[in-house]
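Asks: Chains as they are written, first to last, in the numbering used here: chain V, 1 to 1000; chain E, 1001 to 1096.
Please note: incorrect hints may appear among the correct ones.
[Claimed, not checked] Cβ-Cβ distance ranges computed for the label pairs, FRET-style:
#1 E:R1063 with V:T585: 48 to 58 Å
#2 V:A229 with E:R1045: 49 to 59 Å
#3 V:T585 with E:R1045: 24 to 34 Å
#4 E:C1062 with V:T23: 36 to 46 Å
#5 E:L1044 with V:E927: 30 to 40 Å
#6 E:R1063 with V:Y700: 24 to 34 Å
#7 E:R1045 with V:D887: 14 to 24 Å
#8 V:G575 with E:R1045: 17 to 27 Å
#9 E:V1025 with V:N787: 46 to 56 Å
#10 E:P1048 with V:P160: 31 to 41 Å
#11 V:D887 with E:Q1014: 27 to 37 Å
[To be verified] One-sided excerpt, in silico: chain V residues whose CB lies under 7 Å from chain E:
#12 M253
#13 Q745
#14 P749
Just so you know, the hints here were simulated from the structure itself, not pulled from any lab data. Cβ atoms here follow ideal geometry from the backbone N, Cα and C, with glycine treated the same way.
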Amino acid sequence: MNGQPFRNDTGGRINRATPLRFTFNGRIYEGYQGDTLASALLANGVRLIGRSFKYHRPRGIVAAGIEDPNALVQLEDGARTQPNIQATRIELYDGLVARSQNCWPSVGFDIGALNSKFHRLFPAGFYYKTFMWPAKLWMFYEHIIRNIAGMGESPVEEDPDRYGHRYAHADVVIVGAGPAGLAAAQSAATSGARVLLVDDGAEFGGSLLGLDANVAGGPAVDWIATVTAALAAMPNVTLLPRTTVTSYYDHNMLVMAERVADHMAVPAAHQPRQRLWHVRAKEVVLATGAMERPLVFADNDRPGVMLASAAQAYANRHGVRAGERCVVFTNNNSAYVAARDLSAAGIEIMAIVDSRRDVPKGAAEMASAVGIGILAGHVVVKAHGTKAVHAVTVQALDDAGDLTGDTRDIICDLVAVSGGWAPTVHLHSQAKGVIRYDETLTTFVADAATQRSRAAGAITGVLGLADSLKDGATAGAEAAAAAGFDGAKTDTPTAVDDLALDIEPLWAVPHMHHDHGKRFVDHQNDVTAEDVALAHRENYISVEHLKRYTTLGMGTDQGRTSNINGLAIMATLRGEDIPTVGTTTFRPPFTPTPLGTIAGPHFGMHYHPTRRSAMHAWHQAHGASFVNAGPWLRPEAYPRAGENVIQALRREAKHVRHHVGIADVSTLGKIDLQGPDAVEFLNRVYINSFTKLAVGKCRYGLMLREDGFLYDDGTVTRIADDRFMVTTTTVHAGSVMRHLEYYHQVVWPELDIHMVSVTEEWAAIAIAGPDSRRVLEKITDDIDVSNEACEFMGFRQGTICGAPARLFRISFSGELAYEINVPADYGQDVWTGLLDAGTEFDIIPYGTEAMGVMRIEKGHIVGGEISGRATAGDLGFEKLLANNKPDFIGKRAAARTALMAPDRQQLVGLIPVDRRTRIPRGGKIVEDPAAPTPITAIGEVTSNCYSPNLGHPIGLAIVAGGRQRHGEVVYAHSPLTEQTVACEITHPIFIDPQGERLRG
Amino acid sequence: MLLIPCPWCGERAQTEFSYEGDATVSRPDPATASDEQWLDHIYLRDNPMGLHEELWHHVAGCRRFFKVRRNTVTHEISGSAAPTDDIPEDVSGDAS
Chain V
1 MNGQPFRNDT
11 GGRINRATPL
21 RFTFNGRIYE
31 GYQGDTLASA
41 LLANGVRLIG
51 RSFKYHRPRG
61 IVAAGIEDPN
71 ALVQLEDGAR
81 TQPNIQATRI
91 ELYDGLVARS
101 QNCWPSVGFD
111 IGALNSKFHR
121 LFPAGFYYKT
131 FMWPAKLWMF
141 YEHIIRNIAG
151 MGESPVEEDP
161 DRYGHRYAHA
171 DVVIVGAGPA
181 GLAAAQSAAT
191 SGARVLLVDD
201 GAEFGGSLLG
211 LDANVAGGPA
221 VDWIATVTAA
231 LAAMPNVTLL
241 PRTTVTSYYD
251 HNMLVMAERV
261 ADHMAVPAAH
271 QPRQRLWHVR
281 AKEVVLATGA
291 MERPLVFADN
301 DRPGVMLASA
311 AQAYANRHGV
321 RAGERCVVFT
331 NNNSAYVAAR
341 DLSAAGIEIM
351 AIVDSRRDVP
361 KGAAEMASAV
371 GIGILAGHVV
381 VKAHGTKAVH
391 AVTVQALDDA
401 GDLTGDTRDI
411 ICDLVAVSGG
421 WAPTVHLHSQ
431 AKGVIRYDET
441 LTTFVADAAT
451 QRSRAAGAIT
461 GVLGLADSLK
471 DGATAGAEAA
481 AAAGFDGAKT
491 DTPTAVDDLA
501 LDIEPLWAVP
511 HMHHDHGKRF
521 VDHQNDVTAE
531 DVALAHRENY
541 ISVEHLKRYT
551 TLGMGTDQGR
561 TSNINGLAIM
571 ATLRGEDIPT
581 VGTTTFRPPF
591 TPTPLGTIAG
601 PHFGMHYHPT
611 RRSAMHAWHQ
621 AHGASFVNAG
631 PWLRPEAYPR
641 AGENVIQALR
651 REAKHVRHHV
661 GIADVSTLGK
671 IDLQGPDAVE
681 FLNRVYINSF
691 TKLAVGKCRY
701 GLMLREDGFL
711 YDDGTVTRIA
721 DDRFMVTTTT
731 VHAGSVMRHL
741 EYYHQVVWPE
751 LDIHMVSVTE
761 EWAAIAIAGP
771 DSRRVLEKIT
781 DDIDVSNEAC
791 EFMGFRQGTI
801 CGAPARLFRI
811 SFSGELAYEI
821 NVPADYGQDV
831 WTGLLDAGTE
841 FDIIPYGTEA
851 MGVMRIEKGH
861 IVGGEISGRA
871 TAGDLGFEKL
881 LANNKPDFIG
891 KRAAARTALM
901 APDRQQLVGL
911 IPVDRRTRIP
921 RGGKIVEDPA
931 APTPITAIGE
941 VTSNCYSPNL
951 GHPIGLAIVA
961 GGRQRHGEVV
971 YAHSPLTEQT
981 VACEITHPIF
991 IDPQGERLRG
Chain E
1001 MLLIPCPWCG
1011 ERAQTEFSYE
1021 GDATVSRPDP
1031 ATASDEQWLD
1041 HIYLRDNPMG
1051 LHEELWHHVA
1061 GCRRFFKVRR
1071 NTVTHEISGS
1081 AAPTDDIPED
1091 VSGDAS
């Protein structure tokens, strides 16, 4: 530590009584409370911050705020590390650790810098041109290129911090708390409107914080403090500092990232690191200000070349001298104010190099008052130095804008440049607001808004302080009135306007004789004026093509400092004016937003709500292994001590076929359908007919989509004449409900029906196996469960284990089976009641895996078969099609010739010829695997498992003309596992094809 | 993000709704429709620029389907109605 050699003893908004220690590239430094990492580094004389993206050129700090393209660091280590963070926006805290990125082995000696020696090999489009061929090697090239041309490193550990989301409404949202924004908030707030004032900075004030200006007869910072305190005390005003509006969406929806705890090493207990706000605004005031533009000259990227306003802000706000000897280079008046302030801060101004031949009187007087010399009609043609600038060469311009006369060198360690200003029109433009080219300011400014929004202050080209205050107050009052709040006061404090800008365009300084120094337009992406010219030569002359070909305006800063210069150079080359060339599209987000902030609390188990059945706690307590099924957690098996899931599911599937088991099937979708037209509705949505379904009976039903393909299956039970219970598959429960609502509300509103989803209202338990009836007999005394009284596909109501119950004689397993529905609150009692009653029959619980094995053994179809490409006929259900009905969903399309073709892929069973090898999942069915490729697949495996009841693997498949091919041998080939298994085609029902067990 | 006027619940955020397609198409009578009409009904939709009537489902609200008139260029919404009703003529004049 050496006591901050570039820090002034007085001045600035830093607290010298609170020193903060931080580490940069392994060295410990000291800064003060109120510093940014950038200002603290400058105070310590650290100017080399990182290496550039493509050429690995040494780079330093260019700006003092959000526009900085180069001072990107890797912040912190380990799980909290963040790449590409702007040093100019990091609030210094005690113990902060940061390091340079994109350099190896160190920022001072970087091997990648060899790229800059071979710069002729790296023109725009280099990667496209060079590495296109041979295509196979691109994977190899890309790996190396990514390593060389990377930016920061993503964290690899889980983020230990939490992120919040918040939703809010406001009458007036004001974006930006600079002079215009503060004035707007002040006036809007007096109307009583709910005002939300948002600013990216930790402190309100915006550009005023970096100026040495007076407002309301005193220092501007005092006025800021007074206004901020007054606003904070008003109940209708919410202040959001450290918050960036990243996106402006339709219907006045603003998304904001609040950096709640980024100014601390670790967030406080229960505090999120960042919070994402979604704010719906009645009216918006955009007071986002303007950003200074750099100038384009040879080696203008050397550390020490800085925006004039940035050097000024470091001096005024942080008491830091960004250098000791400064050359100011400008084409406008604003840099004269900066030069005056830098001089006052103790920096020696070597000269103001002004490209204008006639320096306006006000500016010239300001310079001479503090003894600064002006080189009018001159430009800086080159910066000298590598890791820090140590001199510049200047030369005069002639009438044609060419260099003329002798060159001269000026010793300096700071070059403060100003190429004019670029209003921050990003949000305005995201919201589809119009932008207009202002010839006087040589830049695009915000014009008419498309949404309920208005722009105020520098964003509209109003650069003077007094005018900005007035503009802001008016906009605030107008916005409040438009939101329904009249009577806003628009008193504005007094202020003295600075010099008018009086800018003369200077888009690129020509090279001096024999010099080939790089003239950077885009510092972040290493795009030079020569690259823009190359793009033009190769006909990439549209700004959108220019951006993609050269990467101009890409990256984390999206060309904040480079866009205007880049398109102006293109306009010059095209011989057209700048508005004709236009700008690229401004898209959200305005600043990079951490993924954690976007995800907020929705990650891991909180990614979406988890649904659990009424019996979940029991499953958990009895060692169930769970699987996600749609939104549900379902038990897949109940492994016993020493068993794995595979062993458990085989035991369960075998046990149920010989004894009895129960499964939790609560997740099936259940819809209560009622009304006089319920039968007609069912006839229209299912392929089969329900007209003859008697009360107390169930029927299997299939739905098609309107395009004739299978959509879902389930059962329909007639509970009363005008009341039905409809079930759907677990996964399609939500979409089938929506499907039925659509047809009821939109297509057939004349049908008198009502339906409601009752999936959660009922706990459902399947009891299956030869002993299932004997278990049931023990626990119900008002339902006769004999085969005569409750036949297959019958339905009864009564009491089971003391609970009011619905009993359905349906079977998924193919065994004698029932499904019991009880109100969800009884689910747990009935589940344990069944297990108790079944002890003497050796009853077991079984999971979805055993259920799945048994359904494959029975050839039942599920999602693998109902794939969206199968017709009812493909899966063997042509007999269900009640084509005598006048209409049902999908009837017309299902009758198309191609959907009825006899050689369509049809459901079959598969058994491996060797009775041993597992059939590859999703394998393609081919007739001759040895045939020359490409081989036409005649089908594919849709389900596969090992059948513990048969003792060998089985599978279901769809095979072209498969029903006529039983007994043939085909091959299931998986290109993923390189397996080819010879299989015999069989009937898809492997066990009890006559269905005697389930009817017994 | 759109603010959608549900005829039953009022203006709500788009996240409560699901888009359900073109509200100007209706299911032809299967008994009389030609194959071309069915093809058109099942597969073919226009992609109009400007005012368009579309169906939305208040899926996380009242679960009703309804028509919305939206400008596909500006995303401005100028009315909504039940599926069986007509959307009232836009009287504000700023929907074009």
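Asks: Taking 31 to 41 Å as the hint, is the beta-carbon distance of P1048 of chain E and P160 of chain V inside that range?
Replies: violated (50 Å)
Asks: For the hint on Q745 of chain V, just tell me whether its beta-carbon gets within less than 7 Å of chain E.
Replies: Status holds, d = 5 Å.
Asks: Against chain E, with CB atoms and a cut of 7 Å, does the hint on P749 of chain V hold up?
Replies: holds (5 Å)
Asks: A range of 30 to 40 Å was offered for this pair. Does it hold for the Cβ distance of L1044 of chain E and E927 of chain V?
Replies: Cβ of L1044 of chain E to Cβ of E927 of chain V: about 37 Å, so the range 30 to 40 Å holds.
Asks: Is the distance from the Cβ of R1063 of chain E to the Cβ of T585 of chain V consistent with 48 to 58 Å?
Replies: violated (38 Å)
Asks: Was the hint right that M253 of chain V lines chain E, CB cutoff 7 Å?
Replies: With a minimum Cβ separation of about 4 Å from chain E (threshold 7 Å), the hint on M253 of chain V holds.
Asks: Go ahead and decide if the range 46 to 56 Å is satisfied by the Cβ distance of V1025 of chain E to N787 of chain V.
Replies: holds (50 Å)
Asks: Range hint 27 to 37 Å: satisfied by the CB atoms of D887 of chain V and Q1014 of chain E?
Replies: At roughly 34 Å between Cβ atoms, Q1014 of chain E and D887 of chain V fall inside 27 to 37 Å, so the hint holds.
Asks: Is the hinted range of 49 to 59 Å satisfied by the C-beta distance from A229 of chain V to R1045 of chain E?
Replies: At roughly 57 Å between Cβ atoms, R1045 of chain E and A229 of chain V fall inside 49 to 59 Å, so the hint holds.
Asks: Cβ-Cβ distance between R1045 of chain E and D887 of chain V: within 14 to 24 Å?
Replies: holds (22 Å)
Asks: Taking 17 to 27 Å as the hint, is the beta-carbon distance of G575 of chain V and R1045 of chain E inside that range?
Replies: At 45 Å between Cβs, range violated.
Asks: Falls inside 24 to 34 Å, the C-beta gap from R1063 of chain E to Y700 of chain V?
Replies: holds (27 Å)
Checked against the numbered hints given earlier, this structure breaks hints 1, 4, 8, 10; the rest are met.
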